[in-house]
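There are 2 protein chains.
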Amino acid sequence: MPEVSSHVRSLKQSVYASLAEKMKALPEPPIGLHLGDTYAVPPAAARWEGLDLSSPGNYRYSHPSGLPVLLEELATKLVRENGLAATADWVQVTCGATHALHSAVHTLLQPDDGILILSPYWPLFGGMVRCLGAVEHEVTFEDLEMRPGVKALYFANPNNPDGRVYTREELERLASFACEHDLWVISDECYEHYLYDGNRHISIASLPGMSERTVSVYSFSKSYAMAGHRVGYLCAHPQVMLWLRRLTNHSIYNLSPSLQKAALAVLREGDAFVKEWSPQYASARNRMAEVVHAPKPQGGAYFFPRFENAERAWDFVERALQAGVAVAPGAAFGDAYANYVRICFTCVDEPTLEKACVILGRLGHNQGG
Amino acid sequence: MPEVSSHVRSLKQSVYASLAEKMKALPEPPIGLHLGDTYAVPPAAARWEGLDLSSPGNYRYSHPSGLPVLLEELATKLVRENGLAATADWVQVTCGATHALHSAVHTLLQPDDGILILSPYWPLFGGMVRCLGAVEHEVTFEDLEMRPGVKALYFANPNNPDGRVYTREELERLASFACEHDLWVISDECYEHYLYDGNRHISIASLPGMSERTVSVYSFSKSYAMAGHRVGYLCAHPQVMLWLRRLTNHSIYNLSPSLQKAALAVLREGDAFVKEWSPQYASARNRMAEVVHAPKPQGGAYFFPRFENAERAWDFVERALQAGVAVAPGAAFGDAYANYVRICFTCVDEPTLEKACVILGRLGHNQGG
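Note that the protein sequences, when read in sequence, are chains A and B.
The first sequence runs 810 to 1178 under our numbering.
The second sequence runs 810 to 1178 under our numbering.
Just chain A, same shape as in the assembly (with noise of 0.2 Å):
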């Protein structure tokens, strides 16, 4: 057999894989808060029984860069909640966030390039940057400073998995830094409507000289609670849109034009359903604080608890495993994190929440934090 590609052999397992093999030992099955999703079923509009899809173009092939309708639509999004000079020109649809953020990543880097990569972050960012041979430079907000070779930099806002969100100095401060070292910018803003204790969202492309060296990524899995429709879109200048829409073509050729129509329905609908469960993950976020002593996270999905070395942590992963609740380790989230732990807490209900918080509470997590 021929050896595959040294650079795929550089990704690793997933976090997720190797806990479901641990899972699968366990009599019963833990309550998951080591993933990141949502339990609320999405609005009605995204639900198969309310969409009407009896055109025969939804089994075709459709337009690469999105249906232009939803485009059109999009872009009315990015204006008016973003704040982003954005046309249709601007927007491209992808199969969910992670095709967004891989599609960026193979735009604007190649091999050997280097990009920085504020951490902590989501794992799977670091494999689509390996893939690709290019390398990343794992940096914190605070020690920012460049590198040899970078010509990039990715941050999420409200970041995963510490629910850090950038105020407008900080975003300042990283506008500054791209501009002086003419980096191109990914902006990784999926959680842009999870929000707590007044935080606003600013997008890094709507301050000044920005929008040309920003790609954006957003996602409907998370603001509408729709992650198994996989739908995402991406947002930067046309001139780079030029070559994401066409990188984008040769990896998936389109996404599906049905689930674009549920996303487009979603939109139409307004922000009715973001303002419903805006509170409800508020009040888990504020149950889960009860008994995870860490910082609160200002927006996200996720509790990020710090413990006083790897072992303590990784013994906290298995203890929480045996009682009944999965984790996430925070070696997942960049080479620093190894002492922490991801923890959920929008991912199942409220009494599911509960019985993980009186668990989580019993276990005494944060001992030798």
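It cannot be assumed that every hint is accurate.
One copy or any two copies: either way a pair holds, since identical chains are not told apart in the list.
[As the list claims (entries may be wrong)] List time: in silico EDC-like cross-link candidates among lysine to aspartate or glutamate, alpha-carbon distance up to 20 Å:
# : residue 1 : residue 2
1 : K833      : D898
2 : K821      : D898
3 : K886      : E1085
4 : K1105     : D846
5 : K1084     : D1006
Derived from the structure by calculation, the hints contain no laboratory data.
Please arrange chain B on chain A, whose structure you already have, making use of the hints.
Chain B alone, transformed into the frame defined by chain A:
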């Protein structure tokens, strides 16, 4: 603005995009025989109105490899129809065959690796190779020879655009070449059910010693007229599949479970749909053979007539368009094919095809051929 990857800049505008601009200038839309699609409506099992999609699981993340029940069913099909010793461990569901091929290229090759592409060939494949920084070498089956740095061989069987169906002897020659030079083989079998005149489809991975070095690519788009659902799949030895899975996971996370359920329902119905449509495609092919003076394709969905030179072929594309029929310029299908034109006979219904054939007959397209 920083620069995008030089690899991505090698992606050409698709032949369809350049035609689309010319088409916009026409007083009315032409009959589109430039595309590769079928006018058939998919079997009832694949249509939204017949599927039970009431489970909330349809709106959530699902298995990155594909629904386990679908993987099992696909393995059964691969054993029965393709003669492969496949189990669910050998299969990965993808976002159409485009995504399957993208995953295969990115898993097997790395920058500067070469790949032999049996030409003429499907245009997007070359772009997938270039955007990784790998090197495409176009060769014909008859002039097959090794080039420096080559790690893989790609071919489609039946072929798009020329409809070639490889015989067992021809596949044995390819297999022996691949073994001699220790090459990966990417076998694109999207048109496996489009066969005429008693031609049989044989999967190269079913030949002795080939299952370990072959990644086979399949699609529901052509066989079941459901291109809009974007369901494709990969078959490979589990040691290779391990990496194909990670790459696929890092590019789209997972395919929508709703779309996978449509594919599952279709598979469970058996081959009635394929048997119903085969004679209709054969009949369309026979009608077009009366006006297009090119070899009758053995399989696939296209005629690929040759002209005296590139100018004559372009002239034909232009004149056909003015007369109301869009066809695809041959230059898209390989460096040596600018004097060809591709014409699809499965993408419009019988009365429309009849109109198109009258127009093509009147053009006398092959006068220079």
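Hint check results:
In this assembly of identical chains, the alpha carbons of K833 and D898 lie at most 20 Å apart only when taken from different copies (18 Å versus 47 Å within one copy). In this assembly of identical chains, K821 and D898 lie within 20 Å of each other by CA distance solely across copies; the values are 18 Å between and 36 Å within a copy. For a Cα distance limit of 20 Å, the shortest separation of K886 from E1085 inside one copy, 19 Å, qualifies, whereas the shortest one across copies, 45 Å, does not. Taking identical chains as interchangeable, the C-alpha atoms of K1105 and D846 lie at most 20 Å apart only when both belong to the same chain, with a minimum of 19 Å there against 53 Å between chains.
In this assembly of identical chains, the alpha carbons of K1084 and D1006 lie at most 20 Å apart only when taken from the same copy (14 Å versus 61 Å across copies).
The structure fails none of the hints (numbered hints given earlier).
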